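**Q** Listed below are the residues making up each chain.
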Amino acid sequence: MELPLLHLALVGTPNSGKTSLFNALTGSRQKVANYPGVTVERKEGFFVTPQGRQVSVVDLPGTYSLRGRSPDEEITRDFVLGKASGETLPDLVLCVADSTNLRLTIRLLLELKRTGRPMILVLNMFDIASRRGISVDVERLAKELGVPVVTSIAVRKGGTADLLALTDEISAKLAAEPAENSWRALSVAELRATQREADRIISDCVSLPASPDTWTARIDAIVLHPVGGLIVLALILFVMFQAVFAWAQPLMELLQSGFDALGDIVHATLPEGLVQSFLQNGVISGVGSVIVFLPQIIIIFLFILLLEDFGYMARAAFLMDRIMGGAGLHGRAFIPLLSSFACAIPGIMATRVIDNKRDRLTTILIAPLMTCSARIPVYTLIISAFIPAKDVWGFINLQGLVMFGLYTAGIASALIVSFVIKFFMLRDYAPAPFMLELPDYKMPRLKSIAIGIFTRAKMFLQRAGTTIFSMMVLIWFLASFPQPPAGATEPAIDFSLAAIIGKALAPLLAPVGFNWQIAVALIPGMAAREVAVAALGTVYAIEGGKEAAEQIGQVLATKWSLATALSMLAWYIFAPQCASTLAVIRRETGSWGWMAATFAYMLVLAYAASLLTYNVAVALGAG
Amino acid sequence: MTDTHDTRREMPLGLAKRGYTGVIQHLSAKDAGSALSDIELESRLIELGFVEGARVEVLHEGLVGRDPIAVRVDNITIAVRRREAMAIIVA
Ligand SMILES: Nc1nc2c(ncn2[C@@H]2O[C@H](COP(=O)(O)OP(=O)(O)O)[C@@H](O)[C@H]2O)c(=O)[nH]1
Ligand SMILES: [Mg+2]
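For the protein sequence lines, the chains are A and B, in the order given. Numbering-wise (the UniProt record's numbering), the first sequence opens with residue 1 and increments by one. Numbering-wise (the UniProt record's numbering), the second sequence opens with residue 1 and increments by one.
Bear in mind the hints are in silico, worked out from the structure with no lab data behind them. None of the values given here were measured: they were computed from a predicted structure. Here a beta-carbon is modelled for each residue, glycine too, at the ideal position from N, C-alpha and C. Hints are supplied without guarantee of correctness; some may be wrong.
Some chain B residues close to chain A (C-beta under 8 Å, calculated; not the full set) [stated by the list, open to error]: (1) A35; (2) L59; (3) G65; (4) R81.
Derived DSS-like pairs: lysine-lysine, alpha-carbon spacing no greater than 27 Å straight-line [to be verified]: (5) A:K422 to B:K30; (6) A:K43 to A:K422; (7) B:K17 to A:K357; (8) A:K157 to A:K447; (9) A:K357 to A:K83; (10) A:K422 to A:K357.
All chains, full assembly: derive it from the sequences and hints.
**A** Structure follows, in structure tokens:
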């Protein structure tokens, strides 16, 4: 008889190794989606036990209790209480503990027991505990807690064998009748009593040598030094951005020549005409000009995932808390804002760790001002076309300097906007507390980093294959139809819909120095910023023929003034953000109003910045 | 209770300097001036292991106003702002 799917849920405090365990159990059989209504990442995976039982397992957000103080923690609570809409109550809860740090998890477990769900306590990171000389009387612990206990090493091959065996054993005798749920939110007195009980059980069953992790202490002596720590943080950020621009270059050039070669093949094999133009100008050069940025996106996520896995992110939040507090931001906002340099979408989703509503809202509103990787194509293109690659002061590359300036402008405007929000809108505001566990440092694991990068790269390519592809088809269509009448001498594009739309918008954008080709490119740029580059490419390619398509930069250099180019850079510091970012803001704030407000304020800033830049540049003779 | 010989004076952890070690005597959320309600603040502190009898040590402090502080609580490290740490009475 085929047994029904067994539903497991991973619950535990942050950094106890839930995600590592999840990866160890399921490998690549993972499905990442969102919980309905809120954009909390829902990670479900599948595996088969040694005895052949089909299992689904869900990785829940880390929590210290079932009180649900943040959107993340509410998910975990509702899930184990069976209140999450559209979710099955888990058949078995795996309570994951960091074996070197049992106090908080044992208390959580005592609280979880009240839900009546069958449960296993997983003593994860048992390798680290053994190395530090911590010994646990597993049998006695199981008896005292009234819950089966098993040790595990999530990051070692075979490290979950005991857990799998126990899962089989327990699932075979799971009671069919629903267990009674007597959970309710604990009062302070009950909380304290539960912690006392947990501490008593631990002192009975666990022997702790009094030696903390010396490595963590040594690293923290430097990394959390009031001054030294900030220098280290600045160095890390510097290396990160250096890597994004320098290391990615060769790979990007390789990809670019690949797409060029593909375009040439299409050009050579197909007869002159619409199909050839569609494939070469619309599809290959359009989608290609976006995929070229994959290396940069991988590198920026590599850094973020490495720092997270190593345990540094919490330290960065610690160092930045008061500094960001000056601009009205919470220390925890540092991680979401840093992620926003890769892409505002994961950044905005990461604001879920901020439990105060107003802190969270401020962070969401300014996250799109961080220079996301989708702006890199626009910046790179314009900078390489207009800014000479010469050195200033002998050693700093001028192009690099401009890029750095654009990043700085983004950060500075984010801080100013945040300050303004704090000052004018949320005035009656006492700073929310900053309380965060600083986990012991861990060697980052290749496997979890690889899985993390793989899922992000997949998301990016899917976007290139769907959103960006369809926008490119649309642009190509608008730029190609209607076809010019026979015998026309002007470039074909002058007769197209794109020209009609662009010329209609041009008067609005003339004050900031944008021509109608830019106006056309800005529209699809709202679907995804990086499309603007490809759109410009398509528009000028159809206008100027094949040679133009290969050298967008050179074409721009002849068609735009320096003032226009600088104005375009200023425009992209602020707006217009891509449609997916706006959609995420709507979902995360649950409000169309905040989405509209974000869009409006960024559009206004963009227009103002461009207007200023253009006019100053013209006045200085760059028109 | 006597305050003779080596019984240390009670003080809020929020005033402790780097290197301070002590034991938590009790929690007093109303003294903290936190944005959280007293009950909420007390619950959160307990959830992070700040309970009576726990040993604490101030390991690190931030640059601006020596805030926040990183506190060793038994065998984990927690970062808190001094404002909230005022609720933790140590000796
Ligand atoms: N040595 C060792 N490290 C582990 C183990 N489980 C997790 N880790 C590491 O602990 C850190 C936090 O793990 P993660 O799965 O992200 O924790 P989560 O926050 O509960 O999802 C990562 O750096 C992991 O590589 C383990 O069993 N042994
Ligand atoms: Mg995790």
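**Q** To test your reading of the hints: which numbers does this structure violate?
**A** Hints 6, 7 are the ones this structure does not satisfy, whereas the remaining hints hold.
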